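The task is simple: from the sequences and hints, build the whole structure.
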Amino acid sequence: MSTLFSILRRYLQPNRTLTRFAGWFANKPRGTLTAAAIAAFARHYRVDMSEAEVPDILAYETFNDFFTRALRPGARPLAQADFICPVDGAVSECGVISGDRIFQAKGHHYSAHSLLGGDAALAEKFENGAFATLYLSPRDYHRIHMPCDGRLTRMIHVPGRLLSVNPVMARNVPGLFARNERVVCVFESALGTFALVLVGAVIVGSIETVWHGVVTPPHGRRVSLWDKTGSEEAIELAQGAEMGRFKLGSTVIALFARPDVRFTPDWMSGKAVKMGEAMGSVG
Numbered sequence: 001m002s003t004l005f006s007i008l009r010r011y012l013q014p015n016r017t018l019t020r021f022a023g024w025f026a027n028k029p030r031g032t033l034t035a036a037a038i039a040a041f042a043r044h045y046r047v048d049m050s051e052a053e054v055p056d057i058l059a060y061e062t063f064n065d066f067f068t069r070a071l072r073p074g075a076r077p078l079a080q081a082d083f084i085c086p087v088d089g090a091v092s093e094c095g096v097i098s099g100d101r102i103f104q105a106k107g108h109h110y111s112a113h114s115l116l117g118g119d120a121a122l123a124e125k126f127e128n129g130a131f132a133t134l135y136l137s138p139r140d141y142h143r144i145h146m147p148c149d150g151r152l153t154r155m156i157h158v159p160g161r162l163l164s165v166n167p168v169m170a171r172n173v174p175g176l177f178a179r180n181e182r183v184v185c186v187f188e189s190a191l192g193t194f195a196l197v198l199v200g201a202v203i204v205g206s207i208e209t210v211w212h213g214v215v216t217p218p219h220g221r222r223v224s225l226w227d228k229t230g231s232e233e234a235i236e237l238a239q240g241a242e243m244g245r246f247k248l249g250s251t252v253i254a255l256f257a258r259p260d261v262r263f264t265p266d267w268m269s270g271k272a273v274k275m276g277e278a279m280g281s282v283g
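Under our numbering, the first residue of the sequence shown is numbered 1, with each subsequent residue one higher.
Since the hints were derived computationally from the structure, they do not count as laboratory data. Don't take each hint at face value.
Computed Cβ-Cβ distance ranges for the label pairs, DEER-style [stated by the list, open to error]:
{"hint": "1", "residue 1": "Asp56", "residue 2": "Arg151", "range": "35 to 41 angstroms"}
{"hint": "2", "residue 1": "Val210", "residue 2": "Ala36", "range": "27 to 33 angstroms"}
{"hint": "3", "residue 1": "Arg262", "residue 2": "Arg151", "range": "32 to 38 angstroms"}
{"hint": "4", "residue 1": "Thr32", "residue 2": "Gly99", "range": "31 to 37 angstroms"}
{"hint": "5", "residue 1": "Leu58", "residue 2": "Ala190", "range": "41 to 47 angstroms"}
{"hint": "6", "residue 1": "Ser111", "residue 2": "Arg72", "range": "53 to 59 angstroms"}
{"hint": "7", "residue 1": "Val96", "residue 2": "Val223", "range": "24 to 30 angstroms"}
Keep in mind the model is a prediction, meaning the values are calculated, not measured. Even glycine gets a Cβ: it sits at the ideal position worked out from N, Cα and C.
Structure below.
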């Protein structure tokens with residue numbers, strides 16, 4: 001196992017130069033090269049453009065515009081559930097937070113404390129709560145939505161590495177999600193405290209939120225906190241509303257403080273999910 005980890009670490013090291021180049025190219029105005037890249041990407045990953053609000057791949061000004069494309073109205077109806085799935089993707093893992101320990105994959109755990117940037121008081125809120133780790137593949141819709149109504153209380157940017165977060169890496173790299181750069185968004189709701197952790201990865205050009213815009217880049221070296229507690233400009237978002245997006249995206253980890261959150265019975269590792277479907281309930 002250690003040998004495999006060494007190989008993965010060697011060949012999937014975060015490359016800031018590559019990330020900067022990818023970010024530059026993804027924002028390059030429409031031209032022959034951009035159009036060819038979008039067409040090749042859509043073909044290779046079998047992107048379903050029939051779901052897009054703008055199905056014509058030649059209509060997008062930049063690769064990022066294509067990658068963060070909106071869906072046509074009605075493409076993702078919202079289930080009648082306490083919590084709905086915030087993204088299109090696949091369930092990596094979900095279940096109970098055991099004390100402070102979050103299950104990553106067989107043989108691997110990491111702590112809520114480390115995932116949340118070392119905030120002990122915040123991590124304590126999620127002890128014995130619930131979590132769901134959702135992986136977004138390149139072909140997926142890359143906007144992130146609210147699992148329930150919520151009011152933002154804080155946002156934390158935690159600097160880190162940019163290792164790949166695909167299933168192979170999740171199974172073999174200890175503490176993967178707590179190593180990578182991430183943006184932690186904490187909300188209060190009628191159903192208790194919850195957080196959406198947006199995890200960066202190899203060649204992720206940007207992580208954005210609807211209230212802040214681009215959070216990263218730049219890729220800082222210190223944890224940054226935006227505290228909205230008691231703010232006169234309350235940021236309240238309804239269930240299903242967009243809260244953020246990945247440009248060349250990654251993984252979302254949902255944390256719930258309540259110990260009585262129960263995920264939908266068919267939610268298990270590897271299950272393909274769509275934004276808006278039932279994720280779980282309380283009680």
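Here's how the hints hold up against the structure:
1. In this structure, Asp56 and Arg151 meet the distance hint of 35 to 41 angstroms, their C-beta atoms being roughly 38 angstroms apart.
2. About 31 angstroms separates the C-beta atoms of Val210 and Ala36, a value consistent with the hinted range of 27 to 33 angstroms.
3. With their beta carbons about 24 angstroms apart, Arg262 and Arg151 fall outside the hinted range of 32 to 38 angstroms.
4. Hint check: Thr32 to Gly99, Cβ distance near 55 angstroms, so the stated range 31 to 37 angstroms is violated.
5. The hinted range of 41 to 47 angstroms is satisfied by Leu58 and Ala190, whose Cβ atoms lie roughly 45 angstroms apart.
6. Take Ser111 and Arg72: their Cβ atoms lie about 41 angstroms apart, and the range 53 to 59 angstroms is violated.
7. At roughly 27 angstroms, the beta-carbon separation of Val96 and Val223 lies within the given 24 to 30 angstroms, and the hint holds.
Going through the hint list in order, the structure does not satisfy hints 3, 4, 6.
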